[in-house]
Amino acid sequence: MNTKPIIRWPGGKTRLLSHLLPLLRPHTIFVEAFAGGAALTLAKEPSKVEVINDINGELVNLYRHAQYHLDALIQEVEFTLNARAELEALIEQPGLTGLQQAARYLLRNRLSFGGSGTSFAVCRKHAQPSRAAVLEKLRDFNARLDKVAVENLSYERLVKNYDSPGTLWFFDPPYTAGDTGMYAVWNHEEMAAFAGVVSGLQGDWIVTVNDAPENRALFKGHEIQAVETPSGAGNRRIRPDATFGEVIIRRRIKRSQTASRKLLAA
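According to our numbering, the residues represented by the sequence shown are 1 to 266, in order.
If you're looking for bench data, these hints aren't it; they were derived computationally from the structure. Bear in mind the structure is a predicted one, so any value in this text is a computation, not a measurement. A couple of the hints might just be wrong.
Pairwise CB distance ranges, derived in the manner of DEER restraints [to be verified]:
id	residue 1	residue 2	range
1	ASN2	GLU156	32 to 42 angstroms
2	LEU99	ILE224	42 to 52 angstroms
3	SER199	LEU99	35 to 45 angstroms
4	GLY221	LYS4	31 to 41 angstroms
5	GLN75	GLU223	25 to 35 angstroms
6	HIS188	LEU99	23 to 33 angstroms
7	GLU223	LYS160	19 to 29 angstroms
8	SER154	LEU21	21 to 31 angstroms
9	GLN75	VAL185	32 to 42 angstroms
10	LYS220	ARG64	21 to 31 angstroms
Glycine residues also receive a C-beta, built at the ideal position from the N, C-alpha and C atoms.
I would like the entire structure built from these sequences, with the hints used as guidance.
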């Protein structure tokens, strides 16, 4: 698949796709529980049942309008200039209707530095984001989400709805370090509660978190792979070679070849 995220999302998993895609095992249901930009869902081949979920109501509102009201959304965004004044107006008035709110959330993301939605992105080394490219991404996104369920639930509620032996979960929860500006970091107690929930799931799962000794300890006994990714945009302006340590953790339930084939055929 070649569908790209329609928004810029701090901590998005585009740079980890080469590590994540080979880890996807046979399944009937695929759930991206902390979707953000939904990079993994968009990059993988479609599954029989697919779910993307995020607790951010503005983000989910955008996705639902891109999914069900594409033409109206395009009309709202296609003539917006790449201008600081436009961003300031969008911040001052975030929209009255659900459609306006979806369009303006997208535009604030595209016009701002790092997708923060607050400060205008000053570009010295490359052109401003192409409006034509944004519209093309919206059309591709709409086509890819044709049969995808979009949820706006806590992860605790989500697992109750979708867990099964045939579910493959991808979790990219808030990290316990760093400052994205898009969501609050978790403390150790929140991460420990999360680890307890996912350890009790019926399906296979993949988790990405920041590489910290306390996080490794919470997932002791599972497969842990350390990776380095380029650091956030703000850090790269100071140190172009800055990296951030993450771990990919997974739990694979042992199944026979016959059981795996049954999952694919279900």
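Given the hint of 21 to 31 angstroms, is the C-beta distance from LYS220 to ARG64 inside that range or not? 39 angstroms, violated
Between GLU223 and LYS160, does the C-beta distance stay in 19 to 29 angstroms? Taking Cβ atoms as reference, GLU223 and LYS160 lie about 25 angstroms apart, which means the hint holds.
Status of the given 35 to 45 angstroms range, CB of LEU99 versus CB of SER199: Given range 35 to 45 angstroms: holds, Cβ gap about 41 angstroms.
Does the hinted range 32 to 42 angstroms hold for GLN75 and VAL185 at CB? 38 angstroms, holds
Does the hinted range 25 to 35 angstroms hold for GLN75 and GLU223 at CB? 47 angstroms, violated
Assessment of proposed distance window 42 to 52 angstroms (beta carbons of LEU99, ILE224): 44 angstroms, holds
For the pair HIS188 and LEU99, does the Cβ-Cβ distance stay inside 23 to 33 angstroms? 41 angstroms, violated
With respect to the beta-carbon atoms only, verify the hint that ASN2 and GLU156 lie 32 to 42 angstroms apart. 34 angstroms, holds
Holds or violated: 21 to 31 angstroms for the Cβ distance of SER154 and LEU21? 27 angstroms, holds
Range first: 31 to 41 angstroms. Now tell me if the beta carbons of GLY221 and LYS4 are that far apart. 36 angstroms, holds
Hints 5, 6, 10 from the earlier list are contradicted by this structure; the remaining hints agree with it.
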